[in-house]
Amino acid sequence: MLTMILYTWREMLHRRVLAVTLLMVVAFLVLYGLAVRQLALHSGDLDPLAKSIVIPQIFSAGLYFGSFIVSFLAVFSALGAVSGEVENGTVYGLVATPVRRAEILLGKFLGYALALVVYAALFFLAIGAIVRGYTSLAPGGQGGALALFCLQPLVLLAVTVLGSTLLPTLANGILMFMLYAVAMVGGMLEQIGWLLHVQSLQQIGIISSLIMPVDALYRKIVYILLTPTATPLQALTQMGPFGAQVEPSVWMLVYTIAYLLVAVALAVRNFNRRDF
Amino acid sequence: MDLAIETNHLTKNFGSKTGCADICLSVPRGHVFGFLGPNGAGKSTLVKMLVGLLTPTAGRARLLGRPLGDRAARRRTGFLPELFRYPDWMTGREVLDFYAGLYHLDAVTRRRRIPLVLETVGLTGREKQRVRSFSKGMQQRLGLACALLPDPDLIFLDEPTSALDPLGRREVREIISALKSGGKTVFLNSHLLGEVEQVCDRVAVIRKGRIVADGALEELLSVNLEVSLEVEGWTPELEAALAHLSTGFTRVERRARLTLAGREDLARVAELVLAHGARLYSLVPGQRSLEELFVDLIGNEN
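Protein sequences appear in the order of chains F and G. Throughout the first sequence, residue numbering follows my numbering, covering 1 to 276 in sequence. Throughout the second sequence, residue numbering follows my numbering, covering 1 to 302 in sequence.
In short, the hints are calculated from the structure, not lab data.
Okay, the calculated beta carbon distance ranges per label pair:
no., chain 1, residue 1, chain 2, residue 2, range
1, F, G133, G, T109, 50 to 56 angstroms
2, G, R60, F, A265, 27 to 33 angstroms
3, G, P28, F, L13, 42 to 48 angstroms
Anything over 10 angstroms on all C-beta distances counts as not near chain G; from chain F, calculated:
no., residue
4, F28
5, L31
6, H42
7, V54
8, F65
9, F76
10, A171
11, A181
12, E247
For glycine and all other residues, C-beta sits at the position ideal for the given N, C-alpha and C.
Could you build the full structure based on these sequences and the hints that come with them?
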């Protein structure tokens, strides 16, 4: 399995997915850093209430787009995990070796996963450092939030690898894009539903989270970071499309982990059974 | 007999379509076995089942005395696919290192085997080039190197010379002969009948998913053997006796041609000529070619 993990890392490097994503990350962090700095410079002009709304939302926006970039990396690096090998013809030599098919697939998954966790962790810490450096915001529960921020791309990775065992690379990419869109849009609709007390929108959000739970994970992260104590301002700090009006339950977290494990198990099963 | 490959009614169906049906083959260790058939007959289907790319629909097989899929047997098996593709972003050396890892070769064995197989396939000095810069022939040589890397006891070669020039083909034949001398077993899928004739001990022919001939090459080529003879003193009785022995008999003056069922009838021809008081000046068995056998068995597929 170590052979496959190393192979996967080298492939990520050579295909330049990591490099392109790194450029995106740097560009984003530079722009984000400038924006937060400007906000901090002019925040003296804001009254305390406005400041307590705007700064957390800037922070959660940073996390939102940060998770988008890491999700981009998760999907595009693993899009052809199996289908790419089939389309290139490299699968024939690979599968005929003494390595178990499960080891091949899990080696690839772990290779992508380890890279994604490092990437996500550094990104999360960078955003946190920018916000803490320029503002007075001191988010709590960062350990738990960091873990969840790293879990997000792994969920997408698991589904992407599963899709790769079933679909050609391009079709898998379209599917993953659609699933991510469902999660994002459903999540925003759910926030509006909670804010305006519209049950149907809340349910749409819940269903979309069951289909693809990454947005629910994001809402959990934001809720942990920006709601250290229940205060009258709590609802205000969570306003807007990047906040979390209601904390996703711990059962959502349990469901997400089970979802990830089932996706990986199905991917292994499909790869084991497939004829090449 | 110690068998390297043994299949027992091995079958693969793709939905309602038959890939291979009831394949029963036995390949002794240390033999070079040729597997022939027209396009789409099922040659690659059988090989893919044996190396684990396809799951058989029915039947069983053993490789090196162990059931199909056994990891220990896989470690002693090498495979050159018909579609030989390797990660194009890797160098030749990196591909071999990668496959060495997949075969669990230790560092000492890697250091010894990698230069050796590079030299065997004629890629020494090219191992630092990326695969994307390789010609098709070089990629096939790299594939052969990967197949030879674990020093396998059994090696499957699926069209191993399809991308090679005549010199390259001769090199591969020499590699196969060297493998045989080393006691290895080679299973060779090839369209190039001349090549199979030169290196194989045994052949099987497959048509529409079923084996239509299987045996030692010499025995198969001696079926329907054409014989030329020159006799002085022909009699009607002698002609009748030879015509009865053969499936086709023609005579022009002293010379005659007849088709015998097998080599075992050659001596009988000489006996009959002498028994009828004629003089036998020459008795020359024709060398039937594998191509002729192939055409007889497969017919005109078009």
